[in-house]
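If you read the protein sequences in the order shown, they are chains L and E. Using our numbering, read the first sequence as starting at 12 and increasing by one per residue. Using our numbering, read the second sequence as starting at 9 and increasing by one per residue.
Don't read these hints as lab results, they were simulated from the structure. Computed from a predicted structure; not experimentally measured. A hint or two may mislead.
Unchecked claim - Computed far set for chain L versus chain E, every beta-carbon distance over 10 Å: (1) A155; (2) A237; (3) H355; (4) V359; (5) L388; (6) N399.
Said to hold, decoys possible - Straight-line C-alpha distance at most 16 Å; calculated EDC-like pairs for lysine to aspartate or glutamate: (7) E:K156 x E:D53; (8) E:K156 x E:D48; (9) E:K86 x L:D239; (10) L:K45 x L:D313; (11) L:K243 x E:D79; (12) E:K156 x E:E131; (13) L:K442 x L:D187; (14) L:K245 x E:D79; (15) L:K152 x L:E241; (16) L:K243 x E:D77; (17) E:K41 x E:E131; (18) E:K86 x L:E241; (19) L:K152 x L:D169; (20) L:K312 x L:E298; (21) L:K152 x L:E129.
Don't be surprised by glycine CBs; every beta carbon is placed ideally from N, CA and C.
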Amino acid sequence: MPSQPLLDVRSLVEPDRVHRRAYSDPEIFDLEIKHIFEKTWIYAGHETQVPNPGDYWQFQIGRQPMVMVRGNGDAVHVLYNRCPHRGVQVCGSRHGSGGDALTCPYHAWRFHYDGSLESVPLEKGYRETRFDRANPDFHMKRAARVQRYRGFVFASLDPKGPDLVEWLGDARMAFDDICDRSPVGRVEVVPNCFRVVQRSNWKFFMENQLDAVHPSVTHMSTGYAAADVERKLKRETGSQPLHYHYLSAFATSFDQWDQLETAGYPYGHTLLGGYMGLRPTDADTLEHERVLAAAYGEAKKDEILGRNIHHVLIYPSISVQSPLQQLRAIRPISHDRTMSEIWHFRLVGAPEAIYRRSLWYYNLVNSPSTMINADDLENWQRGQFGLNSDGGDWVSFHRDYGRDRDANGELHSTNGCSELPMRAQFRAWLKYLTETE
Amino acid sequence: MAEPTSVAAATALQTHHEVSQFLFQQSNLLDGKQWQAWIDLFADDGLYWMPPGPEYTTWDGVPSIFIEDRDLMSVRMKRVTHPNAWSQQAEWGTSHVVSNVIVEGTDPASGDLLVRSRFHLLEVRRDDVRHFAGTYQHRLRRVDGALKIVLQRVDMVNGQAAFEYVLQIWV
């Protein structure tokens with residue numbers, strides 16, 4: 012085979028800027044799939060998506076079609092959705108139940124929920140052949156590793172590498188924060204997944220989530236429109252529903268956003284701290300506080316509700332907005348197309364009114380009729396448009412560069428508007444692409 | 009041509025005509041981007057609802073693609089008409105065709121008319137064409153002589169496929 016000229020990815024990333032090819036070059040995208048997505052921990056889904064044995068939900072890891080399957084009891088398996096006989100996709104719906112065994116629709120090879128072979132028709136025909144039901148070559152292949160943290164299931168296609176908890180590091184606070192808000196420490200998925208395709212590189216999504224300068228620019232129109240109607244309601248009824256605030260808050264000034272904090276953890280996970288004004292003193296919140304205090308005691312309740320989280324990104328596949336129980340997973344399709352899968356959760360045992368808040372956020376901000384992401388997707392598409400061009404080579408991540416505080420490999424900034432998250436993500440990106448065994 | 013043979017049949021024909029004209033006018037207002045006039049077709053307590061799938065029977069406490077009262081419709085209108093609604097800088101337009109209008113009956117409790125129809129929507133945005141199709145279910149109330157929408161349920165057959173981009177305006 013002719014050897015490919017080695018692409019030097021090191022030349023694409025500088026501490027304060029990144030070459031446009033990181034977004035526009037299909038060859039770089041191939042490297043990302045191989046060395047990031049098909050190697051590290053990727054979000055499979057939440058265990059409550061598959062409550063009963065045989066339940067499955069399809070998803071992608073890089074370019075691999077995977078299926079998450081509930082086994083017997085507590086087990087959750089992640090398999091390549093492919094029959095070892097002739098390669099046919101076994102689970103055909105986005106989600107469903109496999110019944111007694113996962114069954115290939117072509118020749119009825121049947122598999123246990125862990126992928127091992129249950130039966131093949133006419134097994135006598137395999138006598139004295141190399142077919143061997145104990146050989147994994149005749150099983151649905153399993154992801155190399157599957158681990159869970161507080162109900163959130165991750166899979167890795169690489170048998171080596173750090174454990175999930177070590178890899179998550181301090182960023183696991185995203186899951187602690189979302190679960191601890193339940194008096195029994197658990198969330199349940201609301202089994203609806205909205206899917207939206209962006210015409211831009213996956214990294215636009217990851218960077219945007221923690222970009223505190225963009226909201227008041229990108230979402231100005233919605234921020235003002237919602238504030239306008241919010242004022243009208245206040246005038247007419249004396250109160251304003253909290254969900255209008257979810258939209259009007261996007262018009263918050265730069266100065267206020269800059270008072271938040273950002274952090275970058277090893278492996279590219281990043282945090283935007285900030286509370287979004289979500290601890291008001293209305294009756295619903297006070298009831299939630301009472302329920303949490305009864306479950307955990309006052310001190311722990313204050314610690315839980317005092318956490319300062321706006322978004323946590325678990326690089327490279329999910330964005331978690333724990334105070335509102337929202338989660339978005341991204342599945343890259345090509346260098347300029349990305350699918351996002353959008354979920355929200357119910358806090359088990361918490362008052363219904365608290366769930367209603369998550370639901371409003373899900374419907375208004377994260378549904379396909381979003382008045383927020385409409386302008387994000389537009390701007391990212393325009394970003395891809397520009398980065399595909401020869402009009403300039405570099406993407407600037409200079410804001411507050413040189414003022415990041417590095418503590419044992421964690422980067423911290425007291426400027427919410429710092430471009431620290433982007434710098435931290437590219438630090439990890441380069442590491443993934445250069446430490447390729 | 010056969011003449012209506014009874015008062016009831018004549019009334020039914022007239023109602024069907026009036027309802028059809030109402031639905032055609034609604035789609036004209038959308039295609040003409042006459043947002044306030046479109047919102048004014050809704051009763052004061054009217055709702056526009058697009059569930060995530062056909063199995064949904066309520067919006068209450070479950071996800072929706074759209075669930076908007078007149079106040080939220082007003083937010084959407086003010087957004088798209090704001091000069092800095094960036095996604096509105098792209099040229100776009102729609103064409104709705106509404107057909108298969110069936111007046112299914114009258115709700116005995118409220119007197120509301122229950123109407124089912126089919127729509128096909130073509131949208132152009134920049135150089136891209138998208139199609140959306142499905143069923144409208146309207147609950148219509150007569151207010152001061154005019155029909156008003158109490159509930160418009162929109163079941164889009166492609167609502168469960170992944171969305172290429174999003175829906176900025178009502179379908």
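### Query
CA of L:K243 to CA of E:D79, is that 16 Å or under?
Holds, at about 9 Å.
### Message
At 10 Å, judged by beta carbons, does L:N399 keep clear of chain E as stated?
### Response
Holds, because the least Cβ-Cβ distance between L:N399 and chain E comes to about 15 Å, which exceeds 10 Å.
### Message
L:K45 and L:D313 were given as a pair; does the straight-line alpha-carbon distance stay at or below 16 Å?
### Response
Violated: L:K45 and L:D313 sit about 43 Å apart, past 16 Å.
### Message
Hinted pair, alpha-carbon criterion (16 Å max): E:K156, E:D48. Please report holds or violated.
### Response
OK: E:K156 and E:D48 at ~8 Å, within 16 Å.
### Query
Is the Cα-Cα distance between E:K86 and L:D239 16 Å or less?
holds (9 Å)
### Message
Run the distance test for L:K312 versus L:E298: straight-line Cα separation, threshold 16 Å.
### Response
Given that 16 Å is the threshold and the Cα spacing comes to 12 Å, the pair holds.
### Task
Test the statement that L:A155 is away from the interface with chain E: the closest C-beta pair must be farther apart than 10 Å.
holds (28 Å)
### Query
Within 16 Å, alpha carbon to alpha carbon, are L:K152 and L:E241?
With Cα atoms ~54 Å apart, L:K152 and L:E241 exceed 16 Å; violated.
### Query
Closest CB-CB distance from L:L388 to chain E, is it above 10 Å?
violated (6 Å)
### Query
Under the criterion that the straight-line Cα-Cα distance not exceed 16 Å, is the pair E:K156, E:D53 satisfied?
Since the Cα atoms of E:K156 and E:D53 sit roughly 10 Å apart, the hinted pair holds (cutoff 16 Å).
### Query
Between E:K86 and L:E241, is the straight-line Cα distance small enough, at 16 Å or below?
holds (12 Å)
### Task
Decide if the proposed pair is consistent with the structure: L:K152 and L:D169, CA atoms, cutoff 16 Å inclusive.
Roughly 13 Å separates the two Cα atoms, so the pair holds.
Comparing the model with each earlier hint shows violations of hints 2, 3, 5, 10, 12, 13, 15; every other hint is respected.
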